[in-house]
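Participant: Spelled out, the chains give:
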Amino acid sequence: MLYGRRTDEDRRSRTRGRVLGVAAAAVFAGLLARMYQLQIVDGAAFAARADRNFVRDYVVPAYRGPILDVTGTVLAANRSSFNVYVTPHFFLDPQRELDLMKELLHLSDFRVAAIVEELARPSRFPRLEPFLAVEDVRRDEVALLESARWLLPGVHVAAVPHREYPLGNRAAHLIGYLNEVSDAELARDASYRPGDVVGRHGIERAWEMALRGLDGRESLVRDARGFVVDDPARLRRASLPPPLEPVPGAAVVLTIDADLQAVMEAAFDAYPSGAAVIVEAKTGRVRGLYSKPSYDLNLMGGGLSLADKAVLDSDPYFPQIDRTVYQRLPPGSTFKVVTALAALEEGVINPSDEIFCPGYYKLGDHVFRCHLRSGHGLMNLRRAIVASCDTYFWHVSEMLGIDTIARYARDMGLGEVTGVGLNDEVPGIMPDKAWYDRFSPDGFRPGHTANVAVGQGSVTVTPLQMALLYAAIANGGKLMRPSVVDRLVDPGGATIERFEPTVRRTLAVDPENLKIVGEALWGVTHSPGGTAVGAAMRFPKLKVAGKTGTAQVITTSFGPGMGAGRVRVKRGRAEESHAWFVAYAPYDDPQVAIAVVVEHGGGGGAAAAPVAMKILDGYFRLDALRGAGDVRFPLPVPEKPLRYKIAHDAWAGPSAFGGTGVGAAALLGAGGAAAGAEEGGAGGAETGAGAEARTGAAAGSGAPGTAGSGDAGAAGGGTPGEGGRGGAATAPPDAGVVDESAKKLPGVPLW
Amino acid sequence: MVTSGVTGVGPLAGTGGRVAPRLEGATRARGVTTLRPDFVLGGIFLALAGLGLANLYSATRLSDPGMFDSQLAWFGAGLVVFVVTALVDHAVFERIAYGAWAAVLLLLAVTLAAGTELNGARRWLNLGVVMLQPSELGKLALVLVLARYAHERKGADRWSLGDVARVSVLVLPACALILLEPNLGHTVMMLAVTVTMVLFAGVELRALAVVLMVVVPAVPLLWAAGAIQPYQIGRVASYVGLKDPAALRAAFQAVAGLAGAIGALVMTFRLERPQRLMRLLMVGVAAASLFAMGRGAADVGRSMGWWKAPLAATIAAGGPGRGGGVGAGAGVGAGAGGGAVADDDADTDTVTGADVATVAVPAADVAAVSGVAPAGGAGEKSLARTGGYQALQSKIAIGSGGLTGKGFLAATQSAFGFLPYHQTDFVFAHLAEEHGFVGTALVLGLFLGLVLWSLHIAARARDRFGRFAAVGIGAILFWHVLVNVGMVSGLLPVVGVTLPLFSKGGSSALTVFLCTGLLMNVSMRRA
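Residue numbers (our numbering), protein chains in the order written: chain X, -8 to 742; chain U, 115 to 641.
Do not take every clue at face value.
Said to hold, decoys possible - Listed next, with one range per pair, are the computed distances between beta-carbon atoms:
no., chain 1, residue 1, chain 2, residue 2, range
1, X, -3, U, 210, 38 to 44 Å
2, U, 523, X, 84, 54 to 60 Å
3, X, 223, U, 226, 32 to 38 Å
4, X, 9, U, 210, 47 to 53 Å
5, X, 2, U, 187, 24 to 30 Å
6, X, 84, U, 226, 42 to 48 Å
7, U, 408, X, -3, 51 to 57 Å
8, X, 138, U, 226, 55 to 61 Å
9, U, 408, X, 108, 52 to 58 Å
10, X, 138, U, 187, 40 to 46 Å
11, X, 31, U, 210, 57 to 63 Å
12, X, 31, U, 280, 45 to 51 Å
13, U, 228, X, 2, 47 to 53 Å
Unchecked claim - Per the computed footprint, the stretches of chain X lying under chain U, defined by three or more beta-carbons under 8 Å from a beta-carbon of chain U, are:
no., region
14, 506 to 517
15, 574 to 583
Since the hints were made in silico from the structure, they are not lab data.
Owing to the predicted nature of the structure, the values given are computational and were not obtained by experimental measurement.
For glycine and all other residues, C-beta sits at the position ideal for the given N, C-alpha and C.
With the rest of the complex left out, here is chain U:
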C-alpha cells in the first residue's frame, strides 16, 4: 500500500490549462496531493479476492483445473491494473470518460456485428489472446460518464427532466446494444446502476413521473416489438410462476397501465403552469393507461383465475410477494428450465458451446428418468418454478451446506455435475455448499462492508467526480451481489450476472479490479 509520503501526479501539463477552470478546486491547482492509504478497503478487497480464488479453486478442481490458473493470471494482471488505477490521478478518468463511453459503444456495436457467438449470444470479442466482454467494461465506463455528467451539473439540487433525458440519451443506446446481444443481465445492471446514481444525484418528482410513464409501458412495447428474447420471457414467466408467457405479458400490460395512469395523474396535478390542454391530455393518457391495465388484468384473470390476478400483477411488478400462492407454475419446472439451461449466460472466457450442451442433458434426464427433480414435498412447486433445473440444483447446493458446510473441496453438487455453471454464475452456491451459512454470512458481510465503505468513501471524496464514481462503483458491486445471490438462491429470475471476485471470467475480474482501483484512488485522495 502506498504510504502517506508519496505524492500523486496532477493533471497533465498540456491539458491542465483548459480543464482546470471547470474543475473548481484549490487542491487541483496545487497539482500535488497527499495519498492516504485505505486499509479498510484494501483489507476487505484482498479478503474477498482471496476467498474468491480459493472458492474457484475448489469449484474447478475436478471439472477443469486449468480454469483456476487462468483466473490466477487474470488476478495477477488485475492487481497491476488495480495499483495503476489507484495511483493515477482520477482526473484522467474524468477526462477520458466520454471517450471511454464512446469506445464502449463502438465495441458493443462491433461485438454485435462481429462478435463471437456462444450459446446463441454475441457477447464476446475475440482479441486473439483473450475474449473480451465489452458489456463488462461498459459498466465502469457508465459510472465514469455519469460521474462526469454529475460533475458538469455542478451542485444541482435535483436533476430535472432535461437531465434525465440527457442521461437517457447517453445510456439507453448502450442498453439497447447489450439487450440485442442478447444479455438481459447486463442490461438490467446498466439500468440499475444508472438509476442508483440518478437517485443519489437527486431528481425532480416530475421527472420521475415521466420516467414511470415512459419506461414501464416500454416493456410490453419492446416485447411486442420482439426486442426481448423468448427465453428471457420464459425465464421470467417461470420465475413468476406463470405457465403461459402471454399471461406474463398481460400482467406487464396491467402493471404498465397502472404506472402510466399514476404518472399521468402526477403530471396533471404537479404541472407548474397548469394548462387546460395539457391537463386534458394527461387525463386522456391516464384513462388510456387504466384501460390498458384493465385489459391486461382481464387477460391475466382469464389465464390464471381472477382471484390470483392482483397477486400476479404484484409479482410481475417485482413486488415482495414472490413465493406466494401462485400455484399455476407447477409444470414450468423441467421444460422452461431445460430450455433456460441451453440459452443461459456463460460468463467466461473459456467456456465452449459443447460444454453447455452437455449440461443441458442432465436437467431433464435426471428429472425424467429417475424422477428426482419433480419429486418432493410442499416446497417443490416453488422450487421448480424459479427457473427450473438450475435454480433448483443451486438451492439444493446452498441448502445442503447447512450451518458449517461440507468442507473445502467436499462439495458434491458441482463434483457430480448437478450444479451447472458452478464456476461462473452459480459459484456462490458452491461456496454455500462447502462453507455453509457461516461462509455465506462472511462473504455477504464482506460485500456489504465493501458497498457501505464505498458510500463512506463517496462522503469523504474531495471532488464531485470522485464522489459519484465511488457511489457508482458501490452500485455496481451492490447490484451484482444482489442479482447474483438473489438468482442463485432462487429469489430472482436466472439472469447471467457474475459474482465479483468469485465468478470465473477475465473481463469480469478486470472490471472489478479497475472499479476497486478507482475506489482506492478516490479514497486515497480523500478530504
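Bound-form chain X, shown alone:
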C-alpha cells in the first residue's frame, strides 16, 4: 500500500513479488535437492573420498625370521642396508651437491648420470617426493654423508632390511633365497603386495609362512601439499585407526650343521658336480645336504647382475639344480641291497646258495656282461654284495620277477617322495612290468628285470632316498621321514614347535635278513675283494658299512624320466658312469647314513667312497667336539617385537620417504651421530665374528680334503671346527640383529 492507498501498482507489484518469490523458492528447492544429492545420495562415496584425501596407509614390514643351523650359526638373517634418497625440490645446487655425493659415496659415473637424469625429469610441480638415488651404502659412507648433511639438504638416508646369507654359497640349495613376488603369486595370495619378496627356493620357500611374519599397518595424515601432519590438533580430526603392530616371523632352526656342510664342500673338491646327504640313522634328521655346484645366495636376492646371471645360466653343471632331492639318477649297484632283501624275504635263495658267475649272463639271445668280464666264480649272497657281482643278481632277479623287486623297492621308499618338503622333491622311478608296458616302445621284456635288479634300466633315485633306505637297514627296518627343520623359535627365544622324528613305515623285511645284508655291507668295506676296502682302510675308526655303485649313464629314450640319468656336461665326460657310495656308520651302533654321488665320477669305490669317508670323518669329529644332543645358542633375533616407527624428520623439511614418503631420514634425524657410531661398532663386531667363523670352517674342511692321512685330517678338523664354533657362539648376538636404525623402517605404501 503505497502512500496510504491501494493502487493498481500495488496489485501489480504484489503479483510480481509473488512470482519472484515462487521463483526464488523453486531455485532454493533446487539447491536443496543438490545438497540432498551430494550429501545423502552420494554422501558415503564422498566421505570415502575425503578420507582418501589425507589418509595414507603404510605397511610396516614384519621382521623376517632368521634361518639357523643346529648349532645356532646364522644361515640367513636381516641386516640393515642403507639407501640414499634425494628430494629434487631441496637439491638446490645439483652440480656442487652431486660432486660432493660422488666424492663421499664413491659413485660411479654411471650412477651419477642416472641421478642427473632423474633430477632433470620435468615436472609442473615442486618435486617433494624423494627418489632412491643410491642403494645399499656402506656404514662408513653413511657416516661421511651425515657429516656433510648440512651441505646436502636434499639428501636423506634410510635403513631398509636386507636379507643376508653370511655363509654365501654354503648349503645354498637348502637355504634358498628371496625374490620379488610374481604377478601370478599376487593374484593367488592377497597377503602379498607388489614389491614384496617371497622365498624362492629351499627353506626360504618351504617355510615362507613361518618366516615372513605378519606385516603391520600404520596410517599417516598428509595434507594437500603432501606434508605429513603431526600437529595433534589436526591429527585428532583424522580419527585414524590405531596402528597394527607387525608380528615378526619365527626363526627356523635346521637340523643341518654349517660346519659339516663345509666339510662336505671340501670333500667334493676334486669333482665338479655331485651330491651328498647325511642323515641320522635312527631319526631321519638330515645333518648335511650338499649339492655341487653351488652359488652365492647373496647374489640371488633380486640383485643378480646380468653378468652373474649369465655365468650362472651358462654353467654346464646347472648350479641351480638341487641334486639331493631334484636330480634323478640311476642308483647302480647300491640298489642291489633291495634285490638281496627281496630275495631273502621271498625265500627264493638262501644266503649260502651259490651261483656261478662266468662273467656274463644269458637271457634269451641277449648276453649281459658282468662288470668283471673274467667272471667272479662261485658267489653266495654275501660275496655277491661284497664284490658287487652282477651275474648273481641277474639270476636272482629271474627268480623274483620285476614286480616283486619293485614291490620291495617301493616299500623301502624308492619311487616315492621322502616328504622332506624341499625344492620340488622328485619321487624318482621304480619301474615294474606295467610301467615298462606303458612306457617302453616294445613293452616289457625280461631284460628289463635284469637291468632293474642291479639299479640300472629305468630305475632312478635321489641321494636322499638312498640315504634313508640305508638308514632303515642300519636301524632295524624303520623307514624314517627326513626332517631338515629341528624347530621353530619365536623372537623371545621360546620354542614354538619342535619336530620329532617320525617313522614312515617299518620295512616288510625280517630284521634277521637286514642283519645278513648289513653284514655283507660291512664286507664291502672290510673283506678282501670288497669294492670300498681301499677307501675304508684310510678311516678304520669310522667302522663304515656301505655299498658302492657305478651307475652306467645309459640314455633311456622313453618314460617320464627320459634321459634323467645323464647330466649335461662338457662333451666327453657325459659317458662316464656316476659314482655312488651309500653307507652307514658305525657298523656296530649305526649313527648316521650317508649317500654320496659323484656325477660322472667313474667307479663308486674309487670316486664316491673316499668322499663319503671324508664326510663321515668330519661328522664324527664335529660330533665328538659338540657332545651329544642339542647345542644351546643365543638367537639372533630381537628380544621384543620390533616397532618400526615412522619418524618425521625436521631438518629436511617435508622429508617424505621411500616411494611415497614416510617421514624421514630415520638414521640421520633421530639417531644422530651417537647412534651411528654404536651401529658402526656393532657392525664391526659382526663382521669380525663372521669372518672368523668362515675362515675357521674353511680351514677345517680344507684339511681333510687335501691331506691323505687321517691324523692330519683329525688335527685340521678339530681346531678349525672349534674356531667355527667360537665364531658361531659369539656372532649371533650381533649377526643378523636388526640394529636400532632398522626399526625406523620407512613403510611401504599400500597403494
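Go by the hints and put chain U onto chain X.
Facilitator: Same frame as chain X, but now just chain U:
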C-alpha cells in the same frame, strides 16, 4: 530493537521543500513516522550472522585464527552500521542515490587505476587501515540508484525501451569497470540484480526483444575484443565440459545467433507502426543471426561431434541440462582447475598472494603424484569437469558431511588444506562438511526466508523507493546465495562470489549489514 513508540526523523529541513513535492505522500508531509520493529527480519538476520560467525570460527581456527577476530570486529562495526541504517529515514538514501552511484563509479575507476593488485586482479583499494572492495558496496549503490529511478518513473506499468536504455547507461559503465578488474562474479551479480529489479518493475516485450538482440550477441563480441579474461573463458569451458575454449566461443556464437534471430523476428511482428524498411532490416538481422548461429553450431559440431552440438549449445546458454552427456571434458580437470586456482577470486581483506600460490600447488600435486583426484568412478568425469580441483574438493567436502555432518570443528577438508578458500568463497562447503544436510538445509532455509521476507517487506512498503530497495536487496541476497552455493556444489562455474554473513571479508560484511539495515529501515516504516 526499536520499540513502536520511537519516532524517526523526517527529511532534513533544508532540502525538504525542494524534494517533497516529487515524493508524493502524506506521511512524509507529516515528517514523523511510527517505527514498528520487524522481529522476523531481525531473528533471521541474527541467526544467520551467528551461524556465519560460528562457521567462520571453525573454518579459520586451524589455518588462521586471527581472521575470526578480524571478522568479529567487522561484524561489530556492521551492527552499528545496521542500527544507524535502520533508524535513518530512507529518504536520505533516496536523496544520495545518484551521488552514491557516482562515487562508486569514481571508486571503481580509481581502483582500476591505483588499486592493490592481488592474484592478478585489481579489486581492492588500500585505505591504509582496511582494504576496501568498491564493487561490493557498488551493489548496494546499484539498488539505491535503480530504486530511485523506479521512483522517478512513478507508477509506470511497464518500462519502455527508453527506460531500459537509460538504466543500461546507468549500470553498464560500472559493469564494464568491474569486468576490467577483472571480476566476473561481481559483474554477473550487478547484471542479475539489475535484471531482477527491471523485471519487477515490468518491461515491454519489445524492450526485452531488443535486449535479447543486443546483449546476447555482445558476449562473443566482447570475447573477440578481448574484454573477457582467458581464465574466465577456461573456467566456463571447463564447467560446460568443453576441452577447447574455441568451441565454447562457437557455442556462444550459435546461441547469440539464435537469440538475435528471435529478437529480430519479434521486432518484425511487434512493431507498432510496421514500416517496410524496418521490417526488411529486421529480416536481414534475423538472417544474419541465423547464419552466425549456423556457423557457430558447425564449429561446435566439428569440435565435439555433431550429435552433441545442440546439447552443448543448450548448456552454453545456461540451460538446465548440465551434467548431461557431454563427455568431452574429461581432460579439463587438473589443467584448467589448476590454472583457475591461481587466478581465482580471493574475496577477503587479508589474503595475500603467497597464500594463494601455496594453494595452487596441491591441486595438481595431489592429482599427479598420488593419483587421487583423477581416480574414481563414473561420477568422476563430471566432477573433474566442473571447475577442476576446487569444485571437486568442495563437492567432496559437502558430500562427506552426509546427513548430520562430521561435527563442529571436525572438518577435515579444510584442516588438511584440501578445500581452497574455505574461509571465503567456499565457506559453505565447510559448513556442509561439519553440519551435513541438516546444516545446509537450515542455512538455505534461513536465506530463503530472508529473500521471501524482503519481498514481503516490499509488498508492505510505504513508498516506491522503499519497495524497490527491498526487492533489490532481496535480489542481492538471492543471487549471492544462488551463485555461491551453486558454485560450491558444482552446479555453476567457479566465479568469486561470497556467501553473505558466512564468507570472510570486510567489504562484503559491511555491505550485507548495510543492505539488511536498509531492509529493516523499510520494514519498520511499513504501511
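Participant: Against each hint, give a clear statement of whether it holds in the structure.
Facilitator: Evaluated hints:
no., hint, verdict
1, X:-3 x U:210: 38 to 44 Å, "violated (30 Å)"
2, U:523 x X:84: 54 to 60 Å, "violated (44 Å)"
3, X:223 x U:226: 32 to 38 Å, "violated (47 Å)"
4, X:9 x U:210: 47 to 53 Å, "violated (31 Å)"
5, X:2 x U:187: 24 to 30 Å, "violated (46 Å)"
6, X:84 x U:226: 42 to 48 Å, "holds (43 Å)"
7, U:408 x X:-3: 51 to 57 Å, "holds (52 Å)"
8, X:138 x U:226: 55 to 61 Å, "holds (58 Å)"
9, U:408 x X:108: 52 to 58 Å, "holds (53 Å)"
10, X:138 x U:187: 40 to 46 Å, "violated (53 Å)"
11, X:31 x U:210: 57 to 63 Å, "violated (48 Å)"
12, X:31 x U:280: 45 to 51 Å, "holds (48 Å)"
13, U:228 x X:2: 47 to 53 Å, "holds (49 Å)"
14, 506 to 517, "violated (count 0)"
15, 574 to 583, "violated (count 0)"
The structure fails hints 1, 2, 3, 4, 5, 10, 11, 14 and 15 (numbered hints given earlier, in ascending order).
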